[in-house]
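Using the hints, position chain B against chain A.
The residues making up each chain are set out below.
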Amino acid sequence: MSAIPQQLHLRTDYNLTLAALGAETPAPAKIMALKQISSNKCFNGFQKVFEHDSVELKCKMKFGIYLPPKAESGKCAVLYWLSGLTCTEQNFITKAGFHQAAAEHGLIIVAPDTSPRGCNIEGEDESWDFGTGAGFYVDATEEPWKTNYRTYSYIKDELPKLINANFPTDPERMSIFGHSMGGHGALILALKNPGKYKSVSAFAPICNPIQCPWGKKAFGGYLGSDLSKWEAYDATHLVKSYPDSHLDILIDQGKDDQFLSAGQLLPDNFIAACTEQKIPVVFRLQQGYDHSYFFIATFVNDHIRHHAKYLNA
Amino acid sequence: MESEASDTEDFDQDLEPSASMTVPESNDPEPGGLMFYHMDLYETRERLDIFPEEPSSRALGETGEESARIGEEFQRPVEMGYDVEKEVEELAKLYGLDEDKGIEGELLVGSIVKAGIIRTKETPVKMEGVAAGSSGSVHNAPKSHSLIKGAQPEKQSMEEQRLPEKGSQDENQHLQQAGGAREGLNSYVCPREDLKTYGMQNEPTCELNSKEEAADIYCSTCKTPIRAFDKLFGNHKDHEVTELTNAAEIAKEEVHKNMCKLEEQIGQMENVASHLEEIFITVEENFGRQEQNFEMRCNDVMQTLAQRYEEKLQDLGEEKKLKLEALYGQLVSCGKDLDTCKDLMETIQELCMENKKVDFIKAAVALVDRLEKFLKKDLDLELSTLPDFEDRAIDFSDMEQLMDSINTVPDDSIECYQLYYKQVSDDTPSEEQAELMTKVKETYHTVTHLVPNTQYEFWVSALNASGISPASERAVYVTAPSPPIIKSQESQSCENAALICWESGNINPVESYTVELSKVTNGENGDVITESIVGIPNCEALIQLQPRHSYLISVRAVNMGGSSERSEPVSIHTTGTYFYLNEDSAHPLLSVLEDGFTIACSEIENPECDLPSRDNSFTRCIAILGSMIPFQGKHYWEVEVEEDMEYRVGVAYENTHRQGYLGANNSSWCLRHIVTPSRHKYEFLHSGTTPDIRITVPPKRIGILLDYDNWKLSFFNLDIAQHLYTFNSHFQHYVHPCFALERPGFMRIHNGIAAPTSIALS
Numbered sequence: 001m002s003a004i005p006q007q008l009h010l011r012t013d014y015n016l017t018l019a020a021l022g023a024e025t026p027a028p029a030k031i032m033a034l035k036q037i038s039s040n041k042c043f044n045g046f047q048k049v050f051e052h053d054s055v056e057l058k059c060k061m062k063f064g065i066y067l068p069p070k071a072e073s074g075k076c077a078v079l080y081w082l083s084g085l086t087c088t089e090q091n092f093i094t095k096a097g098f099h100q101a102a103a104e105h106g107l108i109i110v111a112p113d114t115s116p117r118g119c120n121i122e123g124e125d126e127s128w129d130f131g132t133g134a135g136f137y138v139d140a141t142e143e144p145w146k147t148n149y150r151t152y153s154y155i156k157d158e159l160p161k162l163i164n165a166n167f168p169t170d171p172e173r174m175s176i177f178g179h180s181m182g183g184h185g186a187l188i189l190a191l192k193n194p195g196k197y198k199s200v201s202a203f204a205p206i207c208n209p210i211q212c213p214w215g216k217k218a219f220g221g222y223l224g225s226d227l228s229k230w231e232a233y234d235a236t237h238l239v240k241s242y243p244d245s246h247l248d249i250l251i252d253q254g255k256d257d258q259f260l261s262a263g264q265l266l267p268d269n270f271i272a273a274c275t276e277q278k279i280p281v282v283f284r285l286q287q288g289y290d291h292s293y294f295f296i297a298t299f300v301n302d303h304i305r306h307h308a309k310y311l312n313a
Numbered sequence: 001m002e003s004e005a006s007d008t009e010d011f012d013q014d015l016e017p018s019a020s021m022t023v024p025e026s027n028d029p030e031p032g033g034l035m036f037y038h039m040d041l042y043e044t045r046e047r048l049d050i051f052p053e054e055p056s057s058r059a060l061g062e063t064g065e066e067s068a069r070i071g072e073e074f075q076r077p078v079e080m081g082y083d084v085e086k087e088v089e090e091l092a093k094l095y096g097l098d099e100d101k102g103i104e105g106e107l108l109v110g111s112i113v114k115a116g117i118i119r120t121k122e123t124p125v126k127m128e129g130v131a132a133g134s135s136g137s138v139h140n141a142p143k144s145h146s147l148i149k150g151a152q153p154e155k156q157s158m159e160e161q162r163l164p165e166k167g168s169q170d171e172n173q174h175l176q177q178a179g180g181a182r183e184g185l186n187s188y189v190c191p192r193e194d195l196k197t198y199g200m201q202n203e204p205t206c207e208l209n210s211k212e213e214a215a216d217i218y219c220s221t222c223k224t225p226i227r228a229f230d231k232l233f234g235n236h237k238d239h240e241v242t243e244l245t246n247a248a249e250i251a252k253e254e255v256h257k258n259m260c261k262l263e264e265q266i267g268q269m270e271n272v273a274s275h276l277e278e279i280f281i282t283v284e285e286n287f288g289r290q291e292q293n294f295e296m297r298c299n300d301v302m303q304t305l306a307q308r309y310e311e312k313l314q315d316l317g318e319e320k321k322l323k324l325e326a327l328y329g330q331l332v333s334c335g336k337d338l339d340t341c342k343d344l345m346e347t348i349q350e351l352c353m354e355n356k357k358v359d360f361i362k363a364a365v366a367l368v369d370r371l372e373k374f375l376k377k378d379l380d381l382e383l384s385t386l387p388d389f390e391d392r393a394i395d396f397s398d399m400e401q402l403m404d405s406i407n408t409v410p411d412d413s414i415e416c417y418q419l420y421y422k423q424v425s426d427d428t429p430s431e432e433q434a435e436l437m438t439k440v441k442e443t444y445h446t447v448t449h450l451v452p453n454t455q456y457e458f459w460v461s462a463l464n465a466s467g468i469s470p471a472s473e474r475a476v477y478v479t480a481p482s483p484p485i486i487k488s489q490e491s492q493s494c495e496n497a498a499l500i501c502w503e504s505g506n507i508n509p510v511e512s513y514t515v516e517l518s519k520v521t522n523g524e525n526g527d528v529i530t531e532s533i534v535g536i537p538n539c540e541a542l543i544q545l546q547p548r549h550s551y552l553i554s555v556r557a558v559n560m561g562g563s564s565e566r567s568e569p570v571s572i573h574t575t576g577t578y579f580y581l582n583e584d585s586a587h588p589l590l591s592v593l594e595d596g597f598t599i600a601c602s603e604i605e606n607p608e609c610d611l612p613s614r615d616n617s618f619t620r621c622i623a624i625l626g627s628m629i630p631f632q633g634k635h636y637w638e639v640e641v642e643e644d645m646e647y648r649v650g651v652a653y654e655n656t657h658r659q660g661y662l663g664a665n666n667s668s669w670c671l672r673h674i675v676t677p678s679r680h681k682y683e684f685l686h687s688g689t690t691p692d693i694r695i696t697v698p699p700k701r702i703g704i705l706l707d708y709d710n711w712k713l714s715f716f717n718l719d720i721a722q723h724l725y726t727f728n729s730h731f732q733h734y735v736h737p738c739f740a741l742e743r744p745g746f747m748r749i750h751n752g753i754a755a756p757t758s759i760a761l762s
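From first to last, the protein sequence lines stand for chains A and B. Counting in the UniProt record's numbering, the first sequence runs without a single skipped number right up to 313 at its last residue. Counting in the UniProt record's numbering, the second sequence runs without a single skipped number right up to 762 at its last residue.
With the rest of the complex left out, here is chain A (with noise of 0.2 Å):
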């Protein structure tokens, strides 16, 4: 009822965007319509999340953004944020308290929803670890996935193109970083695209889904049962074929994460490749941690700096 003030609303906002860049304004027709659903001024940033019709997951989506306070004047680096099973966009700019590192190094700071949502696909809402929530960020060949659960390729090409065509960024920095499935998804997107994220890290990654119950679950539902499909989507595989050493991974694992005894993350396979590869790792080991987002909010300004690094280097 409201979407038609709304979307007149993100015009102004977008155009003012756009005049403040100086960009050319593009031809109506070729913007992505963006509509915001909400937008909150946080570290005199802003904390917003908009909704699109997503051509890759042919549903609407929805992705919270930070935009801070630089991007007023000049262009941003864009950290992308994969969040883990069963969260939405709304859970990392909610309980990580991101904002006021990413604010200080100037960092816009995109968090895209977990799985394609409404899709009306049989069995999608029957675990909480596969299907809605649980997209594991694979390009599914499986019927009846193949159609929606594209999160691999709605991560890597249309949401940066969304990001790119509509906010003050840079699209030649770009890096990435999640947590649990979502550290899976950095550590496969950075290892998969050399050279198209300047950093990665990771907050108890499932570094090894092919060994693992999740992975295994996942993978069979939505690559099928061909394991070179699986290692594909594998970070411990990934390495093993990783071009050069170009790549600084920062991982924190909490000790008292109930999902690294359950042998769900097995970063110890990760870390052993990454040795063997001589690919940089520091994995620490956080005495006493978990696995949630209070483990997170903990060591999230670590991440930020780490990429701003590199981002800002």
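Bear in mind the hints are in silico, worked out from the structure with no lab data behind them. Any given hint could turn out to be false.
[Said to hold, decoys possible] Only pairs whose alpha carbons sit at most 27 Å apart, straight line, appear in this in silico DSS-like list of lysine-lysine:
{"hint": "1", "chain 1": "A", "residue 1": "K240", "chain 2": "B", "residue 2": "K681"}
{"hint": "2", "chain 1": "B", "residue 1": "K681", "chain 2": "A", "residue 2": "K255"}
{"hint": "3", "chain 1": "B", "residue 1": "K700", "chain 2": "A", "residue 2": "K240"}
{"hint": "4", "chain 1": "A", "residue 1": "K161", "chain 2": "A", "residue 2": "K75"}
Quick look at chain B alone, frame taken from chain A:
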């Protein structure tokens, strides 16, 4: 009459343009005042009586009468301001011009202009002087009066301060400034003078000139401003004319030249005067000295003569007394003998008259015996005492000397001086110190080859032909110290400061030290001292510097006798942090190679062996401490290690436990690398605990960034610019770099380098 008064005002206003016409600076903030008499010479003459009056008056081009009048006016300055107006009126009447205001105006302007020019020729106006004088301008008599009052004490004090040898330039300037104040006063006096003097000359011209207009061109032939009209039709018809402004310019230039010349002359004359005065005083002094000298000498001679006379007279008296006494004695004895003879004669005569033979014989025998006795007795008939006195020559040789000394100048009578000196020290009694002596002709001498930083006493005796004077009072001096020796090996620096240590270089303590810095700029040597820090009591100094520069730093020792020569400088580069390894802290098994920054350990089996160890050295951990400048801010250094080397690197307090391992206590923070069969293990140790951190790429070059401002100690793998770990710790004290080897091998330390930008952001 009112209209005349207004004309007079016009005249006053005209005066300004006429002044500007002759002096270009008149519109400047320090306006030139051509209308001012320069009063220097009056003052000069008052001050220097030795100047003959005539020449100075002539130099001024003034008669004595004039100057006397000016002197009068000078005493009543306020009244004079109004006299100008009166004079103008009077003049106007006198020349019968009061009916024609136009002519009067012209007369005034013309005469003022000309008067201005001429006066300036004879008046050397120095701009400084004018600046003071000009504030009391023509229209402002009371003000200039106050100026004079102000100037007067200044002049006096200057004269009091004046020393014979200081007839200097700057004084002249002062005098001119003081004189400038008087110029202000005279500025309103002058117009009257000029109206009188030159108004006369101008009279005919004025009368001939047209009756309405002011002059607008200048007739070179008549040397007077005329109206253009006159050129065309008047008696200047065939004369050469120029534009009034041109003429003014030329006149101005000439005036200016003359001003300079006169200025110069005044300077010279004042110089000469001051010299003469000096000589005058000196003559007086010399006369006094000589007079005193002669008086003293003559008195000496007179006294000596009187003394001699007394002495001789006394001697003579005594001799006379002796002679008389002797003569008297002889006379008495002579008388006695004479009596005896007479007695004998009488007895013989009586005997001869005796007739009785027997009695005669008897008496004769007795008489013969008496006669024999008497005759046997020697009669002292020699005249032993002579009437002559001894020849008493008075010895005048010393007198001659005295007389001679009168004829010689007293100073020249001293042949030379003997300068004695010897060391004074508290340790050894002064008698034991050898006295040294040099002979000098002059009344000064430079004694060389003295021991630095030592007390000496000096005394002098004068020597001439007649002997040596008593010693003068003793003067005690301290020789300047020897230069300190900078311990250049122990210099520490960072981007903003340097810590320099030195040895005194002197056995006895010195009062303080002075550190001198020179910044070495591109292509120039550091000879120019850019900063000195004085009064440093100890043998070290923390000096604030600017980042990324080169400095040469040297030290001087200072005592009462002055400061020493500069020490050998030490070169400091404020790029990064520069420390040195404190070998006193090194474990006996750890050695520092020649470059000073490579540490080595050859065997490891028994690190707790009984090797001789220094008091301050590590006994268990094969470690060494660096000595780093105690300065806030950021410090960065690097170590280079083999991949399989086991080591600890980090920081520690200076007093960290020497028996413990680095990182095992709360006084040290370090990265420890351990090689296990399965992997490289990295610990970030403090108080014996470490976070659990895995590092996939073993660093070979480790960057260590200590950031006091943010309480951080960070480690980096430099090859891949990877941040490894950061301690967040509130260091209670300053920390020092520490290094430990836990396997045989080497570790190379790099410092004095800027932190790479890749880690600066971390």
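Checked hints:
Between A:K240 and B:K681 the alpha-carbon distance is near 22 Å, which keeps this suggested pair within the 27 Å criterion. About 17 Å separates the Cα atoms of B:K681 and A:K255, which keeps this hinted pair within 27 Å; it holds. Restraint check: the Cα-Cα separation between B:K700 and A:K240 comes to about 23 Å, which is no more than 27 Å; the hinted pair holds. For a cut-off of 27 Å, the pair hint linking A:K161 to A:K75 stands: about 15 Å separates their Cα positions.
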